[in-house]
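Protein chains in written order, with my numbering: chain A, 1 to 196; chain B, 1001 to 1196.
By construction, these hints were calculated from the structure, which means they are not laboratory data. Be aware that a few hints might be false.
Stated by the list, open to error - Just a sample of chain A residues kept apart from chain B, beta carbon distances all over 12 Å, derived:
id, residue
1, ALA73
2, SER74
3, GLY96
As the list claims (entries may be wrong) - Sample of chain B residues at the chain A side, in silico, Cβ under 8 Å:
id, residue
4, THR1157
5, MET1164
6, ASN1166
7, PHE1190
Unchecked claim - Pairwise CB distance ranges, derived in the manner of DEER restraints:
id, chain 1, residue 1, chain 2, residue 2, range
8, B, GLU1023, A, LEU125, 17 to 23 Å
9, B, GLU1077, A, GLN122, 39 to 45 Å
10, A, GLY79, B, PRO1054, 51 to 57 Å
Glycine included, each C-beta is placed from N, C-alpha and C at the ideal position.
2 protein chains.
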Amino acid sequence: MSERARRGRPGHDQQSVLRVAVELFNRQGYDATSMGDLARELGLTKSAIYHHVPSKEHLLESAVDEALDALTASLDEVGATTGLDAGERLRAAVRGSVVVLVDHLPAVTLLLRVRGNTPTEQAALQRRREIDHRLAEMVREAAEDGAIRGDLEPLLTSRLLFGMVNSMTEWLRSDPDVQAVADAVTTLAFDGLARR
Amino acid sequence: MSERARRGRPGHDQQSVLRVAVELFNRQGYDATSMGDLARELGLTKSAIYHHVPSKEHLLESAVDEALDALTASLDEVGATTGLDAGERLRAAVRGSVVVLVDHLPAVTLLLRVRGNTPTEQAALQRRREIDHRLAEMVREAAEDGAIRGDLEPLLTSRLLFGMVNSMTEWLRSDPDVQAVADAVTTLAFDGLARR
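Here chain A stands alone, though its shape is the one from the complex (with noise of 0.2 Å):
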């Protein structure tokens, strides 16, 4: 990024610039926007938006990878987390699966809304395929180590447990009780809703 565009202009700093063009995109579309939508958004000229952004990519990319890196460090902190056996690891990856969406939902909303369309698509769904089968290895895990069923293929089961987290970014409002989510989903997930 060239100097002027790191500088910005006054009023717009590069965070409250992509703040406002992801819920801008998450509102219309990403594909739908342009950056003449965003500039008037953000109340600048069309030519006076290119200070602050290199380019509408450049945003969609940022915002992605603010989702996924924050995802990959919360399953790298479950990681390294000593202690605790695989069945209790998978359960952690899947609640902080919750918090990190409560926690970016914006960012996480625009991510699961990209279908590939580009370089910077594609890469970032490939990311989320390498989160889907680290996700699927605690599966797999936790069954050999006799925490979680056998009888569900590990993929599948990774994927059933982030649509599920997922699908909250469709409903969530702001400010929700993180942990209540959270206790809702693992609930659910792990000891079913059938009475025991």
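Please build the complex by placing chain B on the supplied structure of chain A, with the hints as guidance.
Below, chain B without anything else, positioned relative to chain A:
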């Protein structure tokens, strides 16, 4: 619809046009797809496409109604089945939603991407909310009946259940083993991952 639109042209009937349109909407986004794009995909001129369909919105409406009608019919059928207790009804409803998703995968995929930008989309979201509430009512009845745990909020549970089911549109390919997928979803949701 006019007589001319109903009659269509040789080589394309209403159903095949709808099928191609939904596939195209899912691939490149509804908003980003023009009637010209659809004509090209069908090998028609831009004016000939209007012999087949009155508008792009009409195609969207037909597709989301297909998905919503199938979901509604599935819940109606569960409600009309005699000899099921409330817990069995809920399990059958979740299983039925998996079957509908598999049987109507392109239409359900399109439905789930609708954001409410037009009256047609708002009507679809409203119908989705009504279906969420019907499932929530089944959750409530199953909890009152003692068939499922009572410590999870019914609407939250309903949303997480549909969230898990709906997330399958992200990775399911055509011709899956629908019974195996439905088994995995109901096992995870009702019995939970943890060993009993």
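Violations among the numbered hints, reported as their numbers in ascending order: When the structure is compared with the hints, none of them turns out to be violated.
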